[in-house]
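Participant: Residue numbers (the numbering used here), protein chains in the order written: chain A, 1 to 113; chain B, 1001 to 1114.
Quick caveat, the hints were computed from the structure, so don't treat them as lab data.
This structure is a prediction, so every number in the text was calculated from the model and none was measured.
Please note that a few of the clues may not be correct.
These stretches of chain B come out as covered by chain A in the derived footprint (C-beta under 8 Å, 3 or more residues) [said to hold, decoys possible]:
id	region
1	1029-1043
2	1103-1113
Restricting the straight-line Cα-Cα distance to at most 27 Å, the calculated cross-link-like pairs of lysine-lysine (DSS-like) are [stated by the list, open to error]:
id	chain 1	residue 1	chain 2	residue 2
3	A	Lys69	A	Lys56
4	A	Lys26	B	Lys1057
5	A	Lys69	A	Lys100
6	A	Lys56	A	Lys70
7	B	Lys1013	B	Lys1057
8	B	Lys1057	A	Lys100
9	B	Lys1057	A	Lys70
10	A	Lys26	A	Lys100
In this text, a Cβ means the ideal position worked out from N, Cα and C, and glycines have one as well.
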Amino acid sequence: SQQGEEDPQALSIQEGENATMNCSYKTSINNLQWYRQNSGRGLVHLILIRSNEREKHSGRLRVTLDTSKKSSSLLITASRAADTASYFCATDWNNFGNEKLTFGTGTRLTIIP
Amino acid sequence: KAGVTQTPRYLIKTRGQQVTLSCSPISGHRSVSWYQQTPGQGLQFLFEYFSETQRNKGNFPGRFSGRQFSNSRSEMNVSTLELGDSALYLCASSLGPGQVYEQYFGPGTRLTVT
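Excised from the complex, chain B in its bound form (with noise of 0.2 Å):
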């Protein structure tokens, strides 16, 4: 099986902009959840999705937003960037719902905000 894939690998943004990564999950798995990786923060927890629907999300603030398709693929979004928010985004898929199973990672999308 093909393994958790993200596009793209790296981006460049400056303030201001917004900015789409893409998410596709192992076949057959229907949860995606998304992270946030930074040096000082490290792995944060931004949102789960299953079955299209967002189950859980952690304390970020609303310029950070996701969805998911009827095929399991995720985006999320990141509207008025700040250059805080230069991170290593992290995909993981499961057989899902919820967390209780092994997470699958992708290779992360390096995000840098000048």
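For reference, chain A alone in the conformation it holds in the complex (with noise of 0.2 Å):
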């Protein structure tokens, strides 16, 4: 099964409103990163969090760590149309001595202008 699992699966907010999305893992990792999906296309890298980082902040976005929770959150301010996609994260762990990213399931976020 996936190593992350996001958390809600949909989110729909108006436009200007912050969204927040989370995500919870199993295992130990290395480090964890956000990716945005628009619609049938390839994923955009976000952000990445080290294990041993507890915040992060890139423009709009800032991404949590708690590694006692095993769990990660994506807030996005401000929001606007254009970040209506589906955000996924994704952890790097040790698979028997071979790093192995794996992906969540993903966030489907809507912003409503």
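Mind assembling these two chains? They're in different frames, but the hints should get you there.
Facilitator: Here's what the structure looks like:
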């Protein structure tokens, strides 16, 4: 089964509001990454947070990581219509000596103009 | 720099046929990973290549294979296609090795098996 599970599966908010997505994982990780995917296209890397970091910012994005709870959250502030997409967390964990990146199930975010 | 390119973008095949998909990584990237994305299973890791060697492999049957060339370009092959192989196949490159680095994804190849 997949390493990461995003919550909620789908989220609709008004433009200008903040959007929060959560990701939970099962085993110890090296780092956690967030990606965005516009409908039917390739993924775009948003942010990477290492296991020894607790919070990271990039523009309107804020990511937190709680390794004790094995969870991460992605906050998008002042949402825009262009933020409509699916968001995935990906965890990098050791698979018998080989790092393996495993993606979660994704959160489908819809921004209502 | 040019991004990751994948060819073809769309493909329709019939059951039992085989297919080869191609991926050209970003210049300077030596790691290429392949993923299968379906509505039911989400994003599933297929394999990763670095310096022409397969470093890691996901849980897919032997019908799925790949290779990497000396210029880091990669191909994946699926033999004896099944209906369930219909999916978006994504290729990603990174500085590598391993997947601790940011992955740069291509637009994907949409494979439909009829």
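Participant: So if I understand the rule, the pair passes when the alpha-carbon distance is 27 Å or less; does A/Lys56 with A/Lys70 pass?
Facilitator: Answer holds: A/Lys56 to A/Lys70 is near 16 Å, not above 27 Å.
Participant: Under the criterion that the straight-line Cα-Cα distance not exceed 27 Å, is the pair A/Lys26, A/Lys100 satisfied?
Facilitator: holds (14 Å)
Participant: Under the criterion that the straight-line Cα-Cα distance not exceed 27 Å, is the pair A/Lys69, A/Lys100 satisfied?
Facilitator: Within the cut-off at roughly 21 Å; holds.
Participant: Does B/Lys1057 lie within 27 Å of A/Lys26 when you go C-alpha to C-alpha?
Facilitator: Cα-Cα ~20 Å, so holds.
Participant: Closer than 8 Å Cβ to Cβ for three or more residues is the test here. Does the region 1029-1043 of chain B pass it with chain A?
Facilitator: holds (count 4)
Participant: For the pair we were handed, B/Lys1057 and A/Lys70, check the Cα-Cα distance against 27 Å.
Facilitator: This hinted pair holds, its Cα atoms lying about 25 Å apart.
Participant: Is it true that the CA of A/Lys69 sits at most 27 Å from the CA of A/Lys56?
Facilitator: Holds. A/Lys69 to A/Lys56 sits at ~17 Å (cutoff 27 Å).
Participant: Taken at face value, is the distance from the CA of B/Lys1057 to the CA of B/Lys1013 at most 27 Å?
Facilitator: holds (25 Å)
Participant: Per the coverage rule (Cβ-Cβ under 8 Å, at least three residues), is the region 1103-1113 of chain B covered by chain A?
Facilitator: holds (count 7)
Participant: B/Lys1057 and A/Lys100 were given as a pair; does the straight-line alpha-carbon distance stay at or below 27 Å?
Facilitator: Cα-Cα ~9 Å, so holds.
In terms of the numbered hints stated before, the structure departs from none.
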